[in-house]
Amino acid sequence: MTDITKDAMMPSRSFLSQDAIQVFYRLLAALLICAVLAVLSDSFLSLGNILNVLRQASLTFFIASGLTLVVLTAGLDLSVGANVALSACIAGTVIHKTGSPALGILTGLACGGLVGLLNGIMVTALRIPSFIATYGMLWVLNGLTYWYMAGETLHGFPAGFRQIGSGYLFGLPIPVYLLLVFLGIGTFFAQRTIWGQEIYAIGANPVAARLSGIPVARRLLLVYAVSGTMAGLASIIFLSRLNSAEADIGESLTLPAIAAVLIGGTSLFGGVGTVFGTFIGALILTLVLNGMNLLSVSANWQPLVTGVIVILAVWLDMKTRRRAQ
Amino acid sequence: MSDALPVEVTTPTPLLELRGISKEFPGVKALDDVSFAVYPGEVHMLLGENGAGKSSLMKVLCGAYRADAGEFYYKGDKVAISSTADAQKLGIAVIFQEFSLVPHLDIAQNIFLGREPGGRIPGTIDRRKILADAKRVLDTIGFDIDPSTTVDKLGVAQQQMVEIAKAISQNARILVMDEPTAALSDRETELLFALIARLKGDGVSIVYISHRMAEVFALGDRITVLRDGRRIDGVKPADVTPDQLVRMMVGRNVDMTYPRNFADKPGELLLEVKGLSAPTGISDINIEVRRGEIVGLCGLVGSGRSEVARAIFGADPVTSGEIIFDGKAISGEPDLAARRGIALIPESRKSEGLALLRSVSDNLVVSALRKLFPSGLFDSRGAQRTSDALIRQLRIATPSARQTVGLLSGGNQQKVVIGKWLAAGSKLFIFDEPTRGIDIGAKSEIFALIDRLVAEGAAALMISSEQIEICHVCDRAYVMREGRIAGHLARNELTEENIVRLGMHHA
Chain A
471 MTDITKDAMM PSRSFLSQDA IQVFYRLLAA LLICAVLAVL SDSFLSLGNI
521 LNVLRQASLT FFIASGLTLV VLTAGLDLSV GANVALSACI AGTVIHKTGS
571 PALGILTGLA CGGLVGLLNG IMVTALRIPS FIATYGMLWV LNGLTYWYMA
621 GETLHGFPAG FRQIGSGYLF GLPIPVYLLL VFLGIGTFFA QRTIWGQEIY
671 AIGANPVAAR LSGIPVARRL LLVYAVSGTM AGLASIIFLS RLNSAEADIG
721 ESLTLPAIAA VLIGGTSLFG GVGTVFGTFI GALILTLVLN GMNLLSVSAN
771 WQPLVTGVIV ILAVWLDMKT RRRAQ
Chain B
860 MSDALPVEVT TPTPLLELRG ISKEFPGVKA LDDVSFAVYP GEVHMLLGEN
910 GAGKSSLMKV LCGAYRADAG EFYYKGDKVA ISSTADAQKL GIAVIFQEFS
960 LVPHLDIAQN IFLGREPGGR IPGTIDRRKI LADAKRVLDT IGFDIDPSTT
1010 VDKLGVAQQQ MVEIAKAISQ NARILVMDEP TAALSDRETE LLFALIARLK
1060 GDGVSIVYIS HRMAEVFALG DRITVLRDGR RIDGVKPADV TPDQLVRMMV
1110 GRNVDMTYPR NFADKPGELL LEVKGLSAPT GISDINIEVR RGEIVGLCGL
1160 VGSGRSEVAR AIFGADPVTS GEIIFDGKAI SGEPDLAARR GIALIPESRK
1210 SEGLALLRSV SDNLVVSALR KLFPSGLFDS RGAQRTSDAL IRQLRIATPS
1260 ARQTVGLLSG GNQQKVVIGK WLAAGSKLFI FDEPTRGIDI GAKSEIFALI
1310 DRLVAEGAAA LMISSEQIEI CHVCDRAYVM REGRIAGHLA RNELTEENIV
1360 RLGMHHA
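Residue numbers (the numbering used here), protein chains in the order written: chain A, 471 to 795; chain B, 860 to 1366.
Since the hints were made in silico from the structure, they are not lab data. Don't take every hint at face value.
[Said to hold, decoys possible] Distance windows between CB atoms, simulated: (1) B:Ser959 x A:Leu774: 39 to 49 Å; (2) B:Arg1251 x A:Lys789: 57 to 67 Å; (3) B:Asp945 x A:Leu497: 53 to 63 Å; (4) A:Arg597 x B:Asp985: 33 to 43 Å; (5) B:Asp1005 x A:Gly606: 32 to 42 Å; (6) A:Tyr605 x B:Gln1017: 32 to 42 Å; (7) A:Leu765 x B:Asp1247: 49 to 59 Å; (8) A:Val784 x B:Lys937: 46 to 56 Å; (9) B:His1347 x A:Gly606: 50 to 60 Å; (10) B:Gly1241 x A:Gly606: 41 to 51 Å; (11) B:Glu957 x A:Arg597: 20 to 30 Å.
[Unchecked claim] Listed next, the stretches of chain A that the computed footprint assigns to chain B, with coverage defined by at least 3 CB atoms under 8 Å from CB atoms of chain B: (12) 652 to 664; (13) 670 to 682.
Note that this is a predicted model, so its numbers are computed, not measured. We put the CB at the ideal spot given by N, CA and C, even for glycine.
So that you can see chain A by itself, here it is in the shape it has in the complex (with noise of 0.2 Å):
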């Protein structure tokens, strides 16, 4: 019997598979967007509105890319936006102090990996559940922040600073790119790398994966640090992009970076998404909200819209995924 006619009796399933089917309808619901709103809105096919679109979701995309890497994990992480804040606020006063970029892109990634690094250490080292030692340091980093800038506003970087976050290269924004980038390094790292399968394995069943001899509390203190550090990027993207730091600047990305991980089909149960799909959900959130702006739907409108779309996008993949075992 060949292994053809084997499968066809037997369906062959993986997750790789499944992995493409999954980020495959969610291309198609981008596009679908896209066709709808190029239907209904004339400004929407403009050169300027996608880059605006793409620039918008790479800040998303950023914060839960490295989000989606603790959700394979089966973890959580509330802190992310509590720390963009922080390290926003913290590179900006290293530039105003020093007058060097550098130096304050180097603090702010420092700072962002740090506070992961201390998640990752609750949750393995003291055994705190992710979900509530990130919420936990989600409210020590608010209060840090506060406390840092006691009210004040961060102001004027340097110009070439500020290209980061709204310089052009050959016609696309800088954040395009690094969008690109870090969309190549972070799918390349979940899936070409035996780091990315462990962490697959990790969110698969934990207690397997330990006695399966992988290094489970290092996996997950690299996890969190990655997620930790990605905040930080953002955090310089932001502050070169605003042009200014704040100590709420961070209240309303973690929310949106959760949707975007969820939208892309990342299950919260672990073990299952890619970091492309959490690109898409990323790009649907911002296609959806950069639409109704377009058709001037009032703004209040735009967290009841982001809710139902995770909702329905966690059921369809429930569904699709309850057909397959």
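Starting from the known structure of chain A, arrange chain B on it as the hints suggest.
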């Protein structure tokens, strides 16, 4: 003789009688035409090896399982026990080994959980009445303690007393106790025995599951022996010797043989465990395993076999002792043990051995990632090739390496768990109940595989509750009892009787 009820001319009708009880699970006949009678005010000992059907019988008694066939008679009248509520109405209560108390509530609240006396305002609890009632129940069993003490402040023996008080408060006439002395000290055991005598005096019948020979003879009015889900015999303690009981429990099981190529002389020392103790309850474990050997680790469930396996693998912390593997001391997490060449095939393969939602290939390479891809770069085609080779070598029945592993049969899942350690190139394979829930064909395949592994210079430490498997397959075996090594059996001493004798409690 196995189906005949004990002929008791002088005794009255049984309080409860089970006739021809059968209970089947997929692939296993847990109870096969078992008859069993409990008379008023007697202590009825229930004896049998692991998997003999004691727990199943207990669960049928208390209504947790519904028997597939058979009848129940209460004081001679036919009754139905199809739910725990039915059993409770008949006055049957079970004291499980794992207590079902709520730790943060006090003794009185636990005793009357779910049937608290109401206060004057609907929905409230009459606190004074509940304490007084609890005090009265505690007095009847002679347990002198303040009923407002929270349960988490109590020791095991005291919690057991609360469980018994709870049962008595529900007017239990038949008390089923599952190894009640397993976690008690000698002094506590004496107190429990005194209580049992007292309850007997009040006409309460006790069904007592035990692995301790001394208890069986000290307490029992009657003994029922189960084996392979069947009732083997019902006897009175005065009419048997401990040796006879052991033979009844073990019996003969001639239709299963697993041929093995025993090596002429064992190879070099691979694993040496010296004085190992762990907070999980094992102490002073000394074990040696040589290349080319399959060494058995037997004993009753709960004697600490899995804990030894986990401690060697680094899955649980250890308090003292040494583990020397391949000439070098080893301590740390499982990733270290795995990298050194130790493999653990855990008891519950679904929850501890596999990522059920991932593919066969993902599961097969998960322990060998570093070995297969030393550069750190994962290549799914390389993983596929390795998996395909293992699927062929182990004859894993799967349509492809991309099949979700949770969809395979138990035997094939077990092969995947073993396969992942073959891919990793392990030298010592620790098997914890490798044939549990696996059909006979797959069993002999797995034993043939283990035999081949050790013939090629690896070694195996095998935990099994199936003594017959240990006897057929192992070069020698250690027998555990209460967290310690109770004895060592060389190849020529390896019989089921010897294993059971060492694993039981004589003193």
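Report task. Run the structure past the numbered hints and jot down the numbers of the failing ones, going up. Result -> 2
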